Structures are given as C-alpha cells and as structure tokens.
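*Asks:* Heads up: the sequence lines are chains V and E, in that order. Just so we're aligned, residue 1 is where the first sequence starts under full-length UniProt numbering, counting upward by one. Just so we're aligned, residue 1 is where the second sequence starts under full-length UniProt numbering, counting upward by one.
Calculated from the structure, these hints are not laboratory results. Here the structure is a predicted model, which is why all the values come from computation and not from measurement. One or more hints might be untrue.
In this list, chains with the same sequence are indistinguishable; a pair is considered to hold if it fits within one copy or across any two.
DSSO-like cross-link-like pairs, simulated, lysine-lysine; straight-line CA separation at most 30 Å [stated by the list, open to error]:
#1 K152 x K26
#2 K152 x K245
#3 K195 x K26
#4 K226 x K245
#5 K172 x K152
There are 2 protein chains.
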Amino acid sequence: MEKYSRNPTIDTMLNHASCRKFTDEKVSDEDIAAIFRAAQSASTSCFLQVTSIIRITEQALKEKIAVLAGNQKHVAQAPELWIFCADYHRNQVEFPESDLGWNEQFLVGIQDAGIMAQNAFAALESLGLGGCYIGGIRNGIQEIDRLLALPKNVFPVFGLAFGHPAEHAGLKPRMPAAVTFMENSYREPDPEVMKRYNELMRKYYESRSSNAKNVDWTENMIGYMKKERRTYMKDYVQGKGWDLK
Amino acid sequence: MEKYSRNPTIDTMLNHASCRKFTDEKVSDEDIAAIFRAAQSASTSCFLQVTSIIRITEQALKEKIAVLAGNQKHVAQAPELWIFCADYHRNQVEFPESDLGWNEQFLVGIQDAGIMAQNAFAALESLGLGGCYIGGIRNGIQEIDRLLALPKNVFPVFGLAFGHPAEHAGLKPRMPAAVTFMENSYREPDPEVMKRYNELMRKYYESRSSNAKNVDWTENMIGYMKKERRTYMKDYVQGKGWDLK
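Turn these sequences into a full structure, and let the hints steer you where they fit.
*Replies:* Structure, rendered in structure tokens:
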C-alpha cells in the first residue's frame, strides 16, 4: 500500500481500486456489523432515511443476480453482495398520504444510496477488504426487482460486492483537478489537459495487468456514450411509482 | 469523541454529525488538496467521471447561494462551500455524438456525485473538520445554475459546506438494522421496531441542545412527505438536456 502524508482514512481512500477477485474467506460478523453501522451513519437528506440494504446470502440468488448483471463472475464469487435500494416504501407505510413520484424524490433516493454506500466501501477497505460497485444490476433490474420482492416505491440502485481481496489492482489515474475542480463558475475543459490525460490513460490501459487494451480515456468512454443506455429505465422507474413529475 | 473498537476510519464515520457552525479559521490548502484527492479517488460508473466540483471562494457569491438555498446562514458562514455537479458536458465535448438525456445517465450522475462527495465528507471529518450537505441548493437551482454559468448537461446536485467546527452536535440515532438491513428479499418494516424507534427519536428531538421539538421520527418526516417537493425539478432537468427518456 502506497503511503501518503495525512492519516489512515485518507490513505485508505487514495489507495482505492476496485477489487474483482476474492479469497474464499468469509467476512466476519464483526466486520459486517461495522460496515453496516458506518454506512448508516452517513447523512441522509432531511433525515428521511429513504435507503435500504439487501444483503444477498443465498448462493443461488447471488448467482442469478450475477448473470442478470451482465454475467459478472465476481458478483457470484464475492462472499458479500449488498444491494443498495432507494426506499420510500417504509416512509409511505408510516404515512400513507405521502405525496410520492416527484423527480426530486427520485434524485434524493439515488443520492442518499450513493452517500451511504461510499461510507460502506471506505469502511470495508479500511478493514483490509476489497470490493466493487455493481451498476450492472440495472442490466436486469426488472428481474432483480422481482427476485428481491421489492414493493412499489423501492428500487435497487446498484450493488456492492466485497470480500477478502485475492488481487490488488493498480491505481487508475483520475482526471486532473484542472478540469474537474473549478472555482466560482463552470470552466470549459482545457483541450491540452485532456490530451495529456488521454496520453497518460493510454499508457495505463496498455500496461495494466488484466484487460490491457490500446485505448485512451476518451476512446474508452465513447463506447458508453455513443449508444443508448438501459432504455427501459424510465418505464421501470415509472412502474415503481416515480412518474418523475 | 466516542471511541469504538475497530479503526480510525470507522470511528470517524460512526461519530458523524452534521456541523453548521464554524470558526473563522480557513481550511488549509493542504487539507483542501487532500479532501479533493480523496473525493476523486472514489469509484465512478464505467470510469465515465461525470462529476465536477465547483468551489465557491467569492464571499458575495456564497452569500447569494446561502439565500437561494433557503436562507441557510451556515452556508454563507462556512469557510468552504463545494457544489457537486453531475457533468456530462466534458464527455460531450470530447465526443460530440454522445447520446444523452437518458434516465439511466441522470441516475449515474447523481449516484456518482453522492459517492464522490461522501469520500470528501469522511476525509474532512478525519482531519478534524466538520460539515453539512446542502440539498437546499435545489431550492434555487435555476438561479444557482445561472450564477455558476453551468452549460447544458451539467447540474448542481447538492453542496457541501465545511470548515473548522465551532459546535459538536450529538449523534442522531439511526433507524435500526431490523428495518433497514434485509436478507435476500424485501422485509416489511416491523411496526414494533418503528414504534420503539419513534420513542427514541422523540427523546432525541426533545433533548437536543438546539432546535429542540416534541416530535418523533415519523411526525418529523411527515412534514417532508405530505407536500409536493421542488415541483420545478423536472422542467429544470429537462431544460438541461435530460429528457429522462
């Protein structure tokens, strides 16, 4: 582990890399409890607490989700798979007259799932564990929704697969602050900065130990940006109670 | 600071409470750099990096945002105010043929803003700083958008105000795992658990040092759930390029 200057929390974050290979060792109950408590300690919008975590412990279910998430073997192999849900159902049970379906509420559910999950992620890495977000669960969101028996007003935003790491991937260079960290107003991306970042990323992609490829950041990103993305999401979300009005 | 058993990272998270009063001391450049690096080290969906941070350093601008965010004085008083944006503009500049406007992309921008911001938040708390998310920036989102000169395909999701703490709020009890942490499928909230949590929360709200009130969690939450929420969000988001198709 590379050492930086400040403290163990920031060191853990700066050394973050997704982990997709795990040993067979189970994650201890003590670690599970600590990671969950860290997750739920994060802020939630207006203290609405509109998130839930579903921990997948049945191996057969985990394997079904792995297939639905685009056949990601590490999802089935990970000792832990947690599904982070936006959940307005609990609030609606407490207050059946809740006025739901607003775009704003959709935003809050997703935002708070992200905030909660990243506490879990940094906490598990601080314990020497490794993991990976699984946005791929949205590939099969209707089926996963059914498998998890999610009621109306609950939907799975993403998964987090984790366990004891059997690989340590190298750090992936982030886009420089010059184009992502602005002051007082939006700053157009500097083409020179982007060009140098692309050169750096081509070297990174060419030389990494697994899935090496001759692309730069832009070329890699284009694959995701040129094609329509999960086109059923609007229908799915509306079916779950978010008209996005 | 309450001490728990595991490590400094998890201790920091378990001791999280929003802070809304700050000393006049500036946050050092070294801390700013460490917090930003921690933020950008978090995972991003498909490595698209569709987030940007706008740091507000002009006091007059900070004060305008504080008013637009529902007259939150601590926003103007905080030495640091960072606005976390979902940003597909940079990718679109790199690849003008990007197929944008999908509900899925809206979700990813929000989720990744939350993930990135929570690393920043835990990092700043690990440095002894305190802060508070400012979802209230969406109260005046159109005006704040204009003040920050945000192009199409960029919108401000929330702010993070922080600095050296001049208060240490007590910990706010979270809803128990019995209703938020499930196994393999959705579990209906147990009314008995909710009742006990409400009793606990009434005691918490009654006894806290500032803004004490005689409500329980459900009663407090109802205020947010019974009324339409930021009804202009759909029009705003669509105007920024997200048809949410």
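*Asks:* Would you mind marking each hint as holding or not holding in the structure?
*Replies:* Hint check results:
1. For the identical chains of this complex, K152 and K26 are neighbours neither inside a copy (33 Å) nor across copies (46 Å), given an alpha-carbon limit of 30 Å.
2. Taking the shortest Cα distances, K152 and K245 sit within 30 Å of each other both inside one copy (16 Å) and across copies (21 Å).
3. When the C-alpha separation of K195 and K26 is checked against a cutoff of 30 Å, the pair qualifies neither within a copy, at 44 Å, nor between copies, at 34 Å.
4. When the C-alpha separation of K226 and K245 is checked against a cutoff of 30 Å, the pair qualifies both within a copy, at 27 Å, and between copies, at 15 Å.
5. Proximity of K172 and K152 under a CA criterion of 30 Å is satisfied inter-copy only: 28 Å between copies versus 38 Å inside one chain copy.
In this structure, the hints that do not hold are numbers 1 and 3, in rising order.
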